[in-house]
Amino acid sequence: GESVGLHLPTLSVQEGDNSIINCAYSNSASDYFIWYKQESGKGPQFIIDIRSNMDKRQGQRVTVLLNKTVKHLSLQIAATQPGDSAVYFCAENGGQGAQKLVFGQGTRLTINP
Amino acid sequence: NAGVMQNPRHLVRRRGQEARLRCSPMKGHSHVYWYRQLPEEGLKFMVYLQKENIIDESGMPKERFSAEFPKEGPSILRIQQVVRGDSAAYFCASSRDPPPSGELFFGEGSRLTVL
Numbered sequence: 010g011e012s013v014g015l016h017l018p019t020l021s022v023q024e025g026d027n028s029i030i031n032c033a034y035s036n037s038a039s040d041y042f043i044w045y046k047q048e049s050g051k052g053p054q055f056i057i058d059i060r061s062n063m064d065k066r067q068g069q070r071v072t073v074l075l076n077k078t079v080k081h082l083s084l085q086i087a088a089t090q091p092g093d094s095a096v097y098f099c100a101e102n103g104g105q106g107a108q109k110l111v112f113g114q115g116t117r118l119t120i121n122p
Numbered sequence: 005n006a007g008v009m010q011n012p013r014h015l016v017r018r019r020g021q022e023a024r025l026r027c028s029p030m031k032g033h034s035h036v037y038w039y040r041q042l043p044e045e046g047l048k049f050m051v052y053l054q055k056e057n058i059i060d061e062s063g064m065p066k067e068r069f070s071a072e073f074p075k076e077g078p079s080i081l082r083i084q085q086v087v088r089g090d091s092a093a094y095f096c097a098s099s100r101d102p103p104p105s106g107e108l109f110f111g112e113g114s115r116l117t118v119l
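Quick mapping for you: the protein sequence lines, in order, are chains A and B. Under our numbering, the residues of the first sequence are numbered 10 to 122, in order. Under our numbering, the residues of the second sequence are numbered 5 to 119, in order.
Where hints are given, some of them may not hold.
[Stated by the list, open to error] Straight-line alpha carbon distances no greater than 20 Å define the calculated SDA-like cross-link-like pairs of lysine to any residue that follow: (1) A/K51 to A/Q108; (2) B/K48 to A/G25; (3) A/K51 to B/P43; (4) B/K55 to B/G7; (5) A/K51 to B/K55; (6) B/K55 to A/Q108.
For the record, the hints were derived by calculation from the structure and aren't laboratory data.
Please model the complete structure; the sequences and the hints are all you need to start from.
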């Protein structure tokens, strides 16, 4: 069945370090993936997306890597800042014809000063 | 350009009462989605609607839950005869383009507490 899971539920990094958040997905039909950031008491906020015809996409301080062979997705955040502390979710679309995003459980990222 | 607006932000109900959650999508968006989030968990899809139509309600519980997106006005998620297990954050999202490629924009959520 559909499932999107994360390897680590929590991650702590020092301010200024790089962080990597991982995600495994199981639906090989998925062709669109998104990373969301959710701060406490708020709704998910779009960070970056990637389509299956790409294996890497970069944004401002963030990079998403997609490995379709092993169905793995990662989010890299460079030079982490206190404002990066949040829960990060990956989501997959389930492929063409799917009507919904499937979210993973989330990883809580904590930035230590 | 206002984002997705949800109200109320917080709602307290006693068991057996009804809860109504409202969602106004972003301007120009005709696709609305409702998700539920339990504490420390990810978002679970409930329903996808377009104006006046329910497209996919595969995530909706069979009883007590209903959703609508009328021609005029916000989308409504209605929970009848609430139970403690309904306590959760309910998020609405909207997109301009249809799934599976339309980027979803989320509201700040409505947090339901059932006493």
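*Does the alpha-carbon distance linking A/K51 and B/P43 stay inside the 20 Å limit?*
13 Å, holds
_Run the distance test for B/K55 versus A/Q108: straight-line Cα separation, threshold 20 Å._
15 Å, holds
*Are the Cα atoms of B/K48 and A/G25 separated by 20 Å or less?*
Roughly 33 Å separates the two Cα atoms, so the pair is violated.
*asked:* What's the verdict on A/K51 and B/K55, does the C-alpha distance respect the 20 Å limit or exceed it?
replied: Outside the cut-off at roughly 26 Å; violated.
*Given the hinted pair B/K55 and B/G7, is their alpha-carbon gap at most 20 Å?*
18 Å, holds
*Holds or violated: are the alpha carbons of A/K51 and A/Q108 at most 20 Å from each other?*
24 Å, violated
In the structure shown, a violation is registered for the earlier hints numbered 1, 2 and 5, in ascending order.
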